[in-house]
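Engineer: As a plain string of letters, each chain reads:
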Amino acid sequence: MAKLNLLLLLVLIACALGLVTSQHKARKLFTELEREQMRARELDVEFGQLQLEASTWGLHSRVEKIAAGTFGMRVPDPRRVRVVERATAPAAGGAR
Amino acid sequence: MAVAQNIVRLPVWRARFVLAAFLAAFAVLVARSVYLQAMKTEFLQEKGEARYSRVLEVPATRGRVLDRSDEALAVSTPVKSVWAIPGDVEASGAQVRKLAKLLDLDTREVSRKLAERERDFVYLKRQLPPETAERVESLGIAGLYQSREFRRYYPGGEVTAHVIGFTGVDDTGQEGIELAHQSSLGGKPGSRRVIKDRLGHIVEDVESIRRAQDGRDLTLSIDSKIQSLAHSALAAAVAQHKAKAGALVVLDVRSGEVLALANAPSYNPNNRTNLSGAQLRNRVVTDIFEPGSTMKPFTVALALELGRVTPRTVIPTANGKLTIANYTIHDAHPEPALSVAQVVQKSSNVGVAKIALGLPREQLWELFSRLGLGAAPQLGFPGEASGKVRPYTTWRPIEQATMAYGHGLSVSLIQLARAYSVFARDGELVPLTLLKSPAHAAGTPVMSAETARAVRDMLELAVQPGGTGARARIMGWRVAGKTATAHKQENGGYAPNKYISSFVGLAPASAPRLVVAVMLDEPSAGQYFGGAVAAPLFAQVTQGALRLLGVPHDAPLVPIELPGEGDDAREST
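Each protein sequence line maps, in turn, to chains A and B.
Take 1 as the starting number for the first sequence in the numbering used here and just add one per residue.
Take 1 as the starting number for the second sequence in the numbering used here and just add one per residue.
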């Protein structure tokens, strides 16, 4: 009887220690999750800012000005343009 | 025995006294613990939790607005607002000067704000870029705080201003798409309770009090390339013709999508100081005007549909004069007689009035309402005008005649453009949308396909040499359309020398893809006919849009000979 009790006591102590460690681990992982979520939010904000920057740099009026001014480009004469209709897709997407 | 007798016998009461004292002490302890555990438990638990649990705000971002190829048109990004508790501020004169310089404010103003000691809270500057905010923080002024806010940026600036609108300082929509889709764009900030350790790390999520909901992104039907082209062409035309304002809309007739919607004058939504009402007005959707000759094709279509005329029927146009109840209708190109097709081509008021007088007025009214005139176009845009079409029971014959050529009723430009989709879609009226939906949209049948095609042929004739809209032609594609030069209404009458010049057309005529409508308000640089002012703008935008969409050519690629200074463009409505 006493042996059994001793065994149970040992099991109990092991369980208690296990609980403590797993709780500690859980908290650590949670902190990490929290940090990653924060990073995700920050990256999302950065993505928005980069999108904004891309749109600003890629403003059509700016592209046109640089193309025409710096590179001396111009819209080709319609006679030199061939429009090829895609065989399968409907023309909705156009030439993209 | 003597020993036993020597044992000191303590009085019994002393032991009892000690026992009683212990019992009393226990009783006090029990009472106290009952008091704490049972009666004060909630308060104490709260206090305990307050040591480690915190309620955190979970911010939500407003959704982005994107164009059809996912280019950003409106993006919210966090900014900082700097505020102070004036009573706590400790700053030297140099620090205040530096602060004022960073905030781009007057030093005296900053000092005055910081001197208001009786106030607990004062904003110094809202919506600072994060880099500036960091530099403000590095000044290390006590009593100065920063809070995170969102600011909306519009990279397209004035190009897309009228479509998207803008948000207020608290990031809620106030105009345009931002207002119309506020509920889906706007996020709902949430809050949650967490447990923090002594280092400030969050170690456990206790409960979510309110879930944060980020706003949903919105993809518009706008094609930013066509939009940019439309905006710059319109602004140039408005400047060239010294017009008061201008409006332009490009529709994809297959899907009913609005590809471009431009207004002039425009404004920069990123910097809205000194905004005037004229700049804010969205003339495409919210303004109505008397369309003039662009209504003629509908009258003719009804006559064809009812079998009253064929395109070849000759209408006696009485040398350009028709008097109905002491009101005389004039033509700019007087002819003794014109075929129905020529009536549209030459924009003859007399011809179309005569055709209209032979039509039952309720049927004419029914056509107008089936074309969506007199009802809001259901774009989901704030302040959509529904236009004015009076009930037919109140029409007098002269009004029936003038309505046939677009006077006595008013429409918005987008309603007019949509009505023209009937000719582009072989008799179907297409539902419009500002959101990307590239699939073919089911239309509502309004007239037979034969009638629609016959009118389309007439509209194509109207842009050939001899028609009023010859300057609307473009190289490589066949176009069809109608000019209008309407006197402006003023103080209940028509202003003699103020005009609204417009052009509505479709292209390519063989298999229509686009409807483009342009309108210039009071062009006053000499020319004012729709054929001279609006048609070239239509041609420029349509050519660019067809090229950008990669629509196959349906006409030989030969340069177009433009007519001279537009005698043919002359018309009186």
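To be clear, the hints were calculated from the coordinates, so they are not data collected in a lab.
Warning: the hint list may mix true and false statements.
[Claimed, not checked] Listed next, the in silico EDC-like pairs over lysine to aspartate or glutamate satisfying Cα-Cα at most 16 Å (straight line):
| no. | chain 1 | residue 1 | chain 2 | residue 2 |
| --- | --- | --- | --- | --- |
| 1 | B | K188 | B | E57 |
| 2 | A | K28 | B | D205 |
| 3 | B | K196 | A | E34 |
| 4 | A | K28 | B | D197 |
| 5 | A | K25 | B | D205 |
| 6 | A | K25 | B | E204 |
| 7 | A | K28 | B | E204 |
| 8 | B | K196 | A | E32 |
| 9 | A | K25 | B | E57 |
[Said to hold, decoys possible] Now the in silico label distances, taken between C-beta atoms and shown as ranges:
| no. | chain 1 | residue 1 | chain 2 | residue 2 | range |
| --- | --- | --- | --- | --- | --- |
| 10 | B | S111 | A | E42 | 33 to 41 Å |
| 11 | A | R86 | B | R216 | 49 to 57 Å |
| 12 | B | R9 | A | A14 | 53 to 61 Å |
| 13 | A | R62 | B | K388 | 18 to 26 Å |
| 14 | B | S448 | A | F71 | 47 to 55 Å |
| 15 | B | Q213 | A | L12 | 39 to 47 Å |
| 16 | A | A2 | B | A50 | 22 to 30 Å |
| 17 | B | T444 | A | R86 | 24 to 32 Å |
Virtual Cβ for every residue (Gly too), placed ideally from N, Cα, C.
Engineer: Against the structure shown, which of the earlier numbered hints fail to hold, in ascending order?
Structural biologist: Hints 9, 11, 13 and 16 are the ones this structure does not satisfy, whereas the remaining hints hold.
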